[in-house]
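Undergrad: The whole structure should be built from the sequences, with the hints applied where relevant.
Counting from 1, one number per residue, gives the positions in the sequence shown under this note's numbering.
Wrong hints could be hidden among the right ones.
Computed cross-link-like contacts, BS3-like style, restricted to lysine-lysine with a CA-CA straight-line distance of at most 27 Å [to be verified]: (1) LYS167 to LYS178; (2) LYS40 to LYS29; (3) LYS3 to LYS93; (4) LYS123 to LYS152; (5) LYS370 to LYS51; (6) LYS82 to LYS66; (7) LYS2 to LYS30; (8) LYS93 to LYS151; (9) LYS30 to LYS94; (10) LYS66 to LYS51; (11) LYS126 to LYS93; (12) LYS93 to LYS147; (13) LYS172 to LYS147; (14) LYS79 to LYS56; (15) LYS144 to LYS96; (16) LYS54 to LYS93; (17) LYS176 to LYS147; (18) LYS256 to LYS29; (19) LYS74 to LYS56; (20) LYS2 to LYS56; (21) LYS256 to LYS225; (22) LYS79 to LYS103; (23) LYS147 to LYS123.
Hints listed in this document are in silico derivations from the structure and should not be mistaken for laboratory results.
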Amino acid sequence: MKKITFLVLHLGYGGVESATINSANALCKKYEVEIISFYKLLNNQENNINKNVKIKYLYDGEPNKKEFMQCLKKHKVFKAFKEGVKALSILRKKKKFIINELKKCDSFAVVSTRMEFSTLLSKYGKNNIIKIAQEHHHHNNDKKYIKTLSKKYYNIDYLFALTEGLKQDYMKFLEKNKHTKVIVVPNMLASFPDKKSDLKKHNLITVSRLDYGKRNNELIDIISKLNNDWKLFIIGDGKEYDNLLLQIEKLNLKDKVVLTGYKTKQEIEDYMLESSIFLMASVTEGLPMVLLEAMSYGIPCIAYRTDSGVSDIICNGNNGYVIENRSEKVYIENLEKLIDSYDLRKIMGNNALETSKKYLPNEIIEIWDKILDEQWFLYGKGGIMKYNFIMIELWNIVI
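TA: Right, dumping it as C-alpha cells:
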C-alpha cells in the first residue's frame, strides 16, 4: 500500500489543519497515511482523525509567542529575554527535526501544508518520492512570498492551488520553473451532515480564528446597526478576543453578540443547526472551509469579496451574497433581506446545500489518485528521461 505523509505545524483548530485532516481521513481508505506534526497542542483535533491515520509529534510542547509578547507588554525584560531564547531554540528544532524526517522518509509521497516546510521538502526531499506543496492561503501579492515560491520550489513536483484563479497566479510566479506542475485541488468537506438548519431561529453565526484579518470587529459594528432581535454568535478563540469583548461592552451589545470561545466540532454543529445565516468579513481567504461547512447545513452565507475563495463558493444572489468594495451599507441591506424573508433564506439555503455537495471527497480524491498513480508518476515526475532509462534497462535484459 502506498504511503502518504503530511507535514503540518500543528493539529489545532484552523482552516489549514481541518483541510489536512479531511484529506487524510479520505485518503486513508485507500492509502497508508501519516501526519507528522511539529507541535503537540493541548487543544487539538486529534479526536477528529481516523484511527487508521498515524500521528507523529516532533516537539512535545507549544509555541511560546504569546508568553514572549506578554513579557514585552509588561516590560519584564529578563523573562522576555528568556522566552526569546526559548523561541529561537524552538525554531532551530523545527527546522532540524523536519529535515531529519525528510531524510529518513520512506513514503511514496510527502505533502507539505506550509511554505517553510515546502522549501525544506524541495531541498531535502528524496528524489524517488512525489513532493507536493499545498498552498492554503492567498498570496496577497506579497513580494517576499512570491520570491520564495519562485526561487525555492525548484524540486517540488506538484503545487496544489485551491482555485483556478490561484492556479494562474502560481503558474506566472513559477514561469521559470519547468519542473513543478500546478494543479487545482480544492479543499474537501470531511463529511456531509445528516441534519440541516430549519432557518427559523433568529441566530447569525460566524466561525473563525479571532485574528484581526478576520475582521470580526466589523461584524459587531454591523450588528450594532440592526434594529431587530437577531443575535450573532462568534465561535472561535484568538488574540483579538479581549478587543472584541471590549467592543461589545462599549456598544452595549451583550444581549446581541456572544463570544463563545473555542468549541468542539460537535458543539459547532449544534450552533450551525440553530443558526439561519452565516456571516464572514475576512479581508483575505484561500478557499474558506467554514463557508462550505455552513452551506452543508443549508445555511445561506454573506461575505465580502476577496481576491480568491469567497466568490468561488458564494454565487451572488443564489446561495448567499458577495459584497463588493467592503461596503458595510450593502452588507447590511443584503443581510436584512435574508432576515426579513424566511422564503428567501429557504431558497438560498437549498442552493447552498447543493453547492456544498461539489466539495465532497469523491471527485477530489480522483485528482489525488491520478497524481499517485504509478503511470502518472512515471510521466509526470522526471518525464521522458525516466521512461527512456527504464526502456534501456529492459532492452539490456532482453538482449
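Undergrad: Next step is simple, just say for each hint if it's right about the structure.
TA: So, going through the hints one by one against the coordinates:
| no. | hint | verdict |
| --- | --- | --- |
| 1 | LYS167 to LYS178 | holds (15 Å) |
| 2 | LYS40 to LYS29 | holds (25 Å) |
| 3 | LYS3 to LYS93 | holds (25 Å) |
| 4 | LYS123 to LYS152 | holds (8 Å) |
| 5 | LYS370 to LYS51 | holds (25 Å) |
| 6 | LYS82 to LYS66 | holds (13 Å) |
| 7 | LYS2 to LYS30 | holds (8 Å) |
| 8 | LYS93 to LYS151 | holds (24 Å) |
| 9 | LYS30 to LYS94 | violated (30 Å) |
| 10 | LYS66 to LYS51 | violated (32 Å) |
| 11 | LYS126 to LYS93 | holds (21 Å) |
| 12 | LYS93 to LYS147 | holds (25 Å) |
| 13 | LYS172 to LYS147 | holds (12 Å) |
| 14 | LYS79 to LYS56 | violated (31 Å) |
| 15 | LYS144 to LYS96 | holds (23 Å) |
| 16 | LYS54 to LYS93 | holds (22 Å) |
| 17 | LYS176 to LYS147 | holds (12 Å) |
| 18 | LYS256 to LYS29 | violated (44 Å) |
| 19 | LYS74 to LYS56 | violated (36 Å) |
| 20 | LYS2 to LYS56 | holds (18 Å) |
| 21 | LYS256 to LYS225 | holds (11 Å) |
| 22 | LYS79 to LYS103 | violated (36 Å) |
| 23 | LYS147 to LYS123 | holds (16 Å) |
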